[in-house]
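With the hints as constraints, model all of the structure from the sequences given.
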Amino acid sequence: MTETILEVKDLTKIYDDRPVVDGISFNVKKGEVFGILGPNGAGKTTTLEMIETMRPIDGGSITICGLDVASQPQEVKAVIGVQPQTAAFQDKQKLHEIIEMFAAAYGEKVNPWEFLEDVQLGEKAGAYAESLSGGQRQRLSIATALVHSPKVFFLDEPTTGLDPQARRNLWDLIKEVNARGVTVILTTHYLDEAELLCDRVAIMDRGKIIAMDTPKKLIKQLLDKGFKKEQHVEQANLEDVFIDLTGKGLRD
Amino acid sequence: MTLKQQLRTVLIFTKLSTKRFFRDKLALFFGVLFPLIFLFVFGSMSKGNTDTNFRVAIFNQSKTQYSQQFTKQLTDSKTFKVQKDVRDMAAAKDKMAKSQLDGIIVLPEQFGTVDQAVNHPKGVVQVMYSQGNANTGQTLIAVLNGMVSGMNAHLLGAQPPLAVQPAPVNDHHLTAFDYTFAGLLGFSIIGIGIFGPINVFPELKKQGILRRLHTTPLRVWQYFMATMFSQALTGLVGVAAQFAVAIAVFKLNVAGNWFEIIAFTVLGIFMILGIGLAVGGWAKNERQAAPLANAVVFPMMFLSGTFFPRFLMPQWLQNVSDYLPLTPVIDGLRLLTTEGVHLINLGHQLLLIGIWTLVIYVIAFRVFRWE
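First to last, the protein sequences are chains D and F. Take the first sequence: its letter number 25 is residue 25 in the numbering used here, and every next letter is one higher. Take the second sequence: its letter number 254 is residue 254 in the numbering used here, and every next letter is one higher.
Hints listed in this document are in silico derivations from the structure and should not be mistaken for laboratory results. Bear in mind the structure is a predicted one, so any value in this text is a computation, not a measurement. There may be inaccurate statements among the hints.
[Claimed, not checked] Only pairs whose alpha carbons sit at most 25 angstroms apart, straight line, appear in this in silico DMTMM-like list of lysine to aspartate or glutamate:
no. : chain 1 : residue 1 : chain 2 : residue 2
1   : D       : K175      : D       : D91
2   : F       : K206      : D       : E157
3   : F       : K15       : D       : E108
4   : F       : K15       : D       : E157
5   : D       : K92       : F       : D94
6   : D       : K217      : D       : E7
Below you can see the structure in the form of structure tokens.
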């Protein structure tokens, strides 16, 4: 039995007398990739932000790496890496300086070039952040979140707005980070992404978790209920065509 | 994190944001070039005021040789700026009504005719001045009187029994430019300390950059301190440029000690920056930042002696403006720079700056929001 790294208990967030997150509980094990799925407004981002110490907790508790989020936010921040929904950086700042800055924010001293190599931005080390494409910016953002070797890595809708090549590249990157032993918790609306990346997913709607299991088991449960999808005989879809035509290589 | 590590973080943030400043053309323009433009404009204006002169029109209706000599003497004199483009009396009166002329000097037809009995020229100089500007008129008349008595003495060849002997004393006289310069330094400190943060912070919040930093263990005090250091560094560059221009172009005479001037400037930047950090750190967006910043900056700008000296204000207003945060900065800078006073004698100013710095930063820490 692997140890639990994140424990969420009866977590509640209330905005304008309405519970946005309504008493949810879940655990994440060390080394897992855990996905939180749900339509817009389901409470995914709010849940993530409370775990990341960014929003006050209105009810319940969160323990991460044995630290209580509500009472030890500074300690929690030191063990987690956060990738926000939109990756923005100040203008006129070189990539290696951005890495240096984030490392400094965590009290660390790192070799920025190494971290940029890891996300395939080594050649861009001397470029300004504003010259990067969307996918490159996401990769830079991932690099900045890993400068302090966090134990848990949070990604909020990491591939929204990226082209298919950049998405695939980012998936590979997330798998690599996970392979190094980092626990990954992400939110997404893309179900193919969740199916491919996540060991387990929680599906949220209206502030509650309505299902939680491995993607395979969730699908099996549905099929066991007698669900039948309209049969598709095609062995490929339009995305396969697109990737076949344009190649897997990154474009930026 | 140990304190040493935390301070190292501050130094790295300082280094990186100072580098950014020098790459940002817009920041350079507003931080360095913009105050220089003001310096040139206000400097040239107050420079013209330092030597007294009168703008006059002369109408010589006499044909005598002496009247021409007299006119030439006025024209050559540095005290008078004879406006030669004023053709007729109507134009002259119109100009005088618009304060573009200080007086009109008329030499009547008979002026300078030689009186055969005493063998020297006689005449009456007529001076017209605007009643709305009686002070200047009186001074003009006094100056002309002085000139004429000198001539009389020369013509009569006699020493008048009573005379006035002028003796200029070099007593560290403050020129209008000295006041203007300290005020403009104050203005540029406002530009660096207030207009910088109130424009930058809401933008950083909008893009989520501050929020991203907030997910790290970085503390508000570290972020503030790094901002203070880098703003002080970049601010000193702007101030140095102003000193260079003031000395080279406007002949500013720096009587004080440079080290003290730098130290005092840094204290001033720290305090004023606190206002920018409070307003910019509190505001969620530009719409909140701009009105509040204007409400704080404008009274300070006009009452603390940035563009015109405070001694021109009524006493009660001076009493009030004494306690504005920018006033001790501008007064202190002027005293240090042009009057050669030492920091140790600026207790009043330093105390005010200290109190304001404390109050401002307590507020800034309390109202700061990362998003």
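Cross-check of the supplied hints:
1. Restraint check for K175/D and D91/D: not satisfied, since their Cα atoms lie roughly 30 angstroms apart, outside the 25 angstroms limit.
2. For the given pair, K206/F sits about 19 angstroms from E157/D by alpha-carbon distance, which is consistent with the 25 angstroms threshold.
3. For the hint pairing K15/F with E108/D, the CA-to-CA distance comes to about 16 angstroms; that is within 25 angstroms, so the pair holds.
4. Among the hinted pairs, K15/F with E157/D is inconsistent with the structure: their alpha-carbon atoms are about 33 angstroms apart, more than 25 angstroms.
5. Of the pairs offered as hints, the one joining K92/D and D94/F is violated, with about 57 angstroms between alpha carbons and a cut-off of 25 angstroms exceeded.
6. Between the alpha carbons of K217/D and E7/D the distance comes to roughly 22 angstroms, so the proposed pair stays at or under 25 angstroms and holds.
Violation of the numbered hints given earlier is confined to hints 1, 4, 5; the remaining hints are satisfied by the structure.
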